[in-house]
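FYI, the numbering for the sequence shown is 1 to 1141, going by UniProt numbering.
There could be a bad hint or two in this list.
Unchecked claim - Here are the simulated PhoX-like cross-link-like pairs (lysine-lysine), alpha carbons at most 20 Å apart as the crow flies: (1) Lys648 to Lys661; (2) Lys317 to Lys332; (3) Lys557 to Lys581; (4) Lys317 to Lys237; (5) Lys1020 to Lys911; (6) Lys381 to Lys210; (7) Lys332 to Lys237; (8) Lys7 to Lys648; (9) Lys1122 to Lys1104; (10) Lys112 to Lys63; (11) Lys741 to Lys727; (12) Lys382 to Lys430; (13) Lys408 to Lys112; (14) Lys295 to Lys317; (15) Lys112 to Lys393; (16) Lys332 to Lys210; (17) Lys255 to Lys332; (18) Lys7 to Lys603; (19) Lys125 to Lys408; (20) Lys818 to Lys802; (21) Lys210 to Lys317; (22) Lys802 to Lys886; (23) Lys408 to Lys382; (24) Lys1026 to Lys911; (25) Lys620 to Lys7; (26) Lys306 to Lys317; (27) Lys603 to Lys63.
It should be emphasised that the hints constitute simulated quantities derived from the structure, not laboratory data.
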Amino acid sequence: MESIFTKEHSWSIISSFFEQKGLVRQQLDSFDQFVRTKMQEVINENPAIIVQSAPTAGTEIQKRITVRFGQIYVSKPPIYTESDGRTITVFPNEARIRDLTYASPLFIDVIKETVSELGVVDKHKYSRVPFGSLPVMLRSSYCVLHGLGDKDLIDLGECPYDQGGYFIVNGSEKVIVAQERMASNTVYVFKKAQPATYTHYAEIRSVPEKSSRNPSTLSMKLCRSPGAIRVSLPLVKQDIPLFVLYRALGFLSDKEIIDHILYEDDDEMFELLKESIEEGTVVQDQNVALDYIGKRSAPVGTPQEKRITIARDLLAKEVLPHIGTQEFCETKKAYFIGYIVQRLLLVALGRRNPDDRDHYGKKRMDLSGPLLASLFRTLFKKLCADTTRHMQKCIENGREFNIALGLKASIITQGFRYALATGNWGDQAKAMQTRAGVAQVLNRYNFVSTLSHLRRVNTPIEKEGKLAAPRQLHNTHWGMVCPAETPEGQACGLVKNLSLMAYISVGSSSGPLIEFLEECGVESLEEISTLQLSTATKVFVNGVWVGIHSDPVYLIKSLKLLRRSLEIDKEVSIVRDIREKEIRIQSDAGRPCRPLMVVRDNKLVITIEDIRKLRRGEIKWDNLIGEGFIEFLDVEEEEMSMIAMSTKVLNDECKNSSDVKISYTHCEIHPALILGICASTIPFPDHNQSPRNTYQSAMGKQAMGIYATNFLLRMDTLSNILFYPQKPLVTTKSMEYLRFKELPSGQNALVAIACYSGYNQEDSIIMNQSAIDRGLFRSFFYRTYTDQESMSRPGVNEEFCKPNRGSVLRMKNLNYNKLDEDGLISPGVRVTGDDVLIGKITPILDPERSTKEAPVYVYKDSSTAMRRTETGIVDTVIVTNKDGYKFSKVKIRSGRIPQMGDKFASRHAQKGTIGITLRQEDMPFTSDGIVPDIIINPHAIPSRMTIGHLIECLLGKVSAMSGEEGDATPFSGMSVNEISTRLKSYGFQQRGLEVMYNGMTGRKLRAQIFFGPTYYQRLKHMVDDKIHARARGPLQILTRQPVEGRSRDGGLRFGEMERDCIISHGASAFLKERLMDVSDAYSCYVCNLCGLLAMGGTKVNECKGCNNTTNVSMVEIPYAFKLLIQELMGMNIAPRIRFEE
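Working from the sequences, and respecting the hints, build out all of it.
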């Protein structure tokens, strides 16, 4: 019996987590919560529209219509209405193939109440009025695929490994990328960069819990001279002195105000407040104070009573609205403002450090839930405004208001679809102010790239910002964000990826928490005296100061006990800050958190027996949390915990006999979980220089493999499929959960590290041509072309057919012979560039022959042709209909064989292109007659320090001999000596070196060669997609210079810097040739007298400007220069060309 807790037991726990939760749980939970609760909350925020007729003379009662919104429903499963009115259930694969939106219809209950001029009330309830449709996240509880088994999924044409977590809009898969922001309802204190009028400032962005309207920011500045504190309130143009604000809240005497700020006698702090007291002496009365604020917020010319009401309203609704927006929250607000002042003064006195903007506990991540909620709120408001306009018209014109016509359901449908399709989050009309790139097209290059995209986090900072701090790895990122996976270049450190077991809270209501706190003896602020404050501990819930408690140890203990038994939601964080005498409880959405094993008395609470039950399947992950074996900690709470790195540390501490005892509260499940998706596929990442892991994380997303098992049924625009993908010989434990072994993206190649023939210098590689002929790294490249018959004008449609040269205008110079009569090509036909795949003609009105009564149409060719540079075979052709029009997709398949110039890489960012391929007989061989598939250059290793590459090769050799997968999980303590000893036992040189013989001469190579199997990836950059050359070709119309780009057969730009080099060489004739002769040479005539452009030619030479008909010369100039001259002449400037004699 195993009695000691090992890493193996940790992996059992981790397996149970992924079995139950999967890798995109945070997306699914967020979406489900949006549909379950957030949608109804948005409706309840403004539930009624009331419209009255304008009062006219003689009528007592005005006509009135009231529309109240009730319950909102989402129907399941998603459906689509065909053009003939039938509704069908849409399955995701059909939505992808037919370019439909995978969306469920929404319905809402409406109560309409009309009051006529005579005062007759008519009330009517309409239940389930159509209310637009909502795109459904795949695999969420509203999706058809929710909870289906593998067999059912395969029957529906889905990949059983696919995780869901994305939307399908117009046939393309869209992910909502998590958006990072600063937490609201938190007080931040910062130093102000000098020179400035104030030295320190505190700010709080306050948002009420239910309605997420725009945050109202309150900031407090500690001024330089006088050293007073001023508060800037939302919607108030000037800063208000602190004591004026207190008097406006109804606290008049200085003593009373000070009592709300300072709780114990603190002379230093009191000194800092003196200036503020003096500044506030002018105003001693509440109404005067309110008027002071009113004058600075109300429009000019408002009478005093109105100003005072406006100020009262402002203090209730806009100042710290998260504490309360009703009357009678003044005491709470006064104490909270006092708390902000205290925090500000503590920093100013240097007793506390300013806050760290990059602390991850102060960040929140908005996932699909909050983002869709804010979008839905915008759309619902727009719909309400639209309905109000319609109702107003109905009342004025005396028409009956029809609910079905009045509610424009399309606003909701189109709004969701627009936001998800373009990624511009918000109203289509204000596209400029919205955030771009919130929704992105799901990356489907290989399975790992898909998973990684679903766990991405974006920080909306301007990419040009020179600030380095937000980009750096922060201590608090540990376990939440992958330290390796981030793009290189401009978005470096701003785009992050979640670690493997990180989860993002969906948020729960704070109501039950506050009720429980009251039962536990938390005294609310209204009921306490100032004396109690100095000793007691403050209790905050979601940034609201709810009261004080005198026994924090008991309170924290009971709260944690409740959380471990799931009486309180598992994602609520409970922090006790002993130094600040605070207890902070957070239950809001968007906090990253991660699971840790609970430790009591330096022993794990979970036992070996529990893990045996877990392995037998008697208990699941959720039971582990319910039993209190494991709990989720967010960053703030993690900072206040003592976490052991492994069980070994715990055992050592138990044996520790010294005086200094460490009392651990938690234990890390496994340190390898700090890595994200891409970095988890790297073997031995803890033996590489850190940037190498970052580079591989980016390259792993470009490796070919199998991105989904249903790739034959899918019609993706571009995809690559490797012929013989292999699972790696050397794996990491994390790969099992990423399905890397089932859907791999590479092959195990035999790699020698040697200089051989010199064709592998500078990161090129030599590849074995015979191995390529046997199928090494071969792949298929699929490209899909789509087209649709659409309506060019009402009643006139385009049509698919084989265009006929006689009757169709402007036919392109393409090959139309391979088309069938219906205008589509047949599967199995071999096609090359300039072959037409879909023939289509568009009718245009012939203005000469047609009359108003009898229009005559001529047909113009608008066919879809194959790309110039590609060849292949037609793989599949699909004809279907979309919105009542014929719609077709053609998928082309071409085989790609590795050749010189193709790019390959190991999993340690050792990338290289093929420099030469040698046949087997020319490659070096070992004494066993084994020939490498790839030879890389030894110079690639020392400067890059990718030692993981070498250890992988060594372990791969052992694995090949033993027939077991090698375990290269990071931080697992495997040593090179261990591997070497095992390799020696199989009769090899212990460090992986082999004697090799030159394949061309048969002589023994002078050095021993490091040789063994390494996992290599074929990357998507292939020379066939890049090769480009041009002598003559298409020109731009305006400048007559060659067009740009490979796809248009463009020229190669000879730019400014190239020009500079040639000038410095003095090669003037070559320069003229590049810049004019082969670009845009042009001959024209110039008048010798006035120097302006003249008419010239065989018959007539004439300069219109000076009536000169004889003295005209022909010049050769660039066409762009001629254009410049004419544009200047258009601006009434006369550029004259003068000739040398």
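Hints, one by one, checked against the model:
Restraint check: the Cα-Cα separation between Lys648 and Lys661 comes to about 16 Å, which is no more than 20 Å; the hinted pair holds. Simply put, Lys317 and Lys332 have alpha-carbon atoms about 14 Å apart, close enough for the 20 Å limit, and the pair holds. Simply put, Lys557 and Lys581 have alpha-carbon atoms about 16 Å apart, close enough for the 20 Å limit, and the pair holds. At roughly 17 Å between alpha-carbon atoms, Lys317 and Lys237 fall within 20 Å of each other, so this suggested pair holds.
Annotation: proposed proximity of Lys1020 to Lys911 holds, straight-line Cα distance about 12 Å (limit 20 Å). For the hint linking Lys381 to Lys210, the alpha-carbon distance of about 17 Å falls within 20 Å, and the restraint holds. For a cut-off of 20 Å, the pair hint linking Lys332 to Lys237 is broken: about 25 Å separates their Cα positions. A threshold of 20 Å between alpha carbons decides the hint, and for Lys7 with Lys648 the separation of about 10 Å falls inside it, so the pair holds.
Our distance criterion of 20 Å between C-alpha atoms is met by Lys1122 and Lys1104, whose separation comes to about 18 Å. Of the supplied pair hints, the one linking Lys112 and Lys63 holds, its CA atoms being roughly 14 Å apart against a limit of 20 Å. This hinted pair checks out: Lys741 and Lys727 have alpha carbons roughly 5 Å apart, not beyond 20 Å. Proposed proximity of Lys382 and Lys430 is supported: the alpha carbons are some 12 Å apart, at most 20 Å.
Of the supplied pair hints, the one linking Lys408 and Lys112 holds, its CA atoms being roughly 16 Å apart against a limit of 20 Å. Proximity of Lys295 to Lys317 is assessed by CA-CA distance (about 17 Å); at most 20 Å being required, the pair is judged to hold. A threshold of 20 Å between alpha carbons decides the hint, and for Lys112 with Lys393 the separation of about 16 Å falls inside it, so the pair holds. At roughly 19 Å between alpha-carbon atoms, Lys332 and Lys210 fall within 20 Å of each other, so this suggested pair holds.
The straight-line distance between the Cα atoms of Lys255 and Lys332 is roughly 17 Å, inside the 20 Å bound, and the hint therefore holds. A threshold of 20 Å between alpha carbons decides the hint, and for Lys7 with Lys603 the separation of about 16 Å falls inside it, so the pair holds. The suggested pairing of Lys125 with Lys408 holds, with an alpha-carbon distance near 18 Å, which does not exceed 20 Å. The suggested pairing of Lys818 with Lys802 holds, with an alpha-carbon distance near 9 Å, which does not exceed 20 Å.
Taken as a hint, the Lys210 and Lys317 pair is honoured in the structure, with Cα atoms around 14 Å apart against an allowance of 20 Å. Proximity of Lys802 to Lys886 is assessed by CA-CA distance (about 15 Å); at most 20 Å being required, the pair is judged to hold. Distance check on the hinted pair: Lys408 and Lys382 sit about 10 Å apart at the alpha-carbon level, within 20 Å; holds. The hinted pair formed by Lys1026 and Lys911 meets the criterion: a straight-line CA distance of about 17 Å does not exceed 20 Å.
Annotation: proposed proximity of Lys620 to Lys7 holds, straight-line Cα distance about 19 Å (limit 20 Å). Under the criterion of a C-alpha separation no larger than 20 Å, the hint pairing Lys306 with Lys317 is consistent with the structure, at around 16 Å. Distance check on the hinted pair: Lys603 and Lys63 sit about 74 Å apart at the alpha-carbon level, beyond 20 Å; violated.
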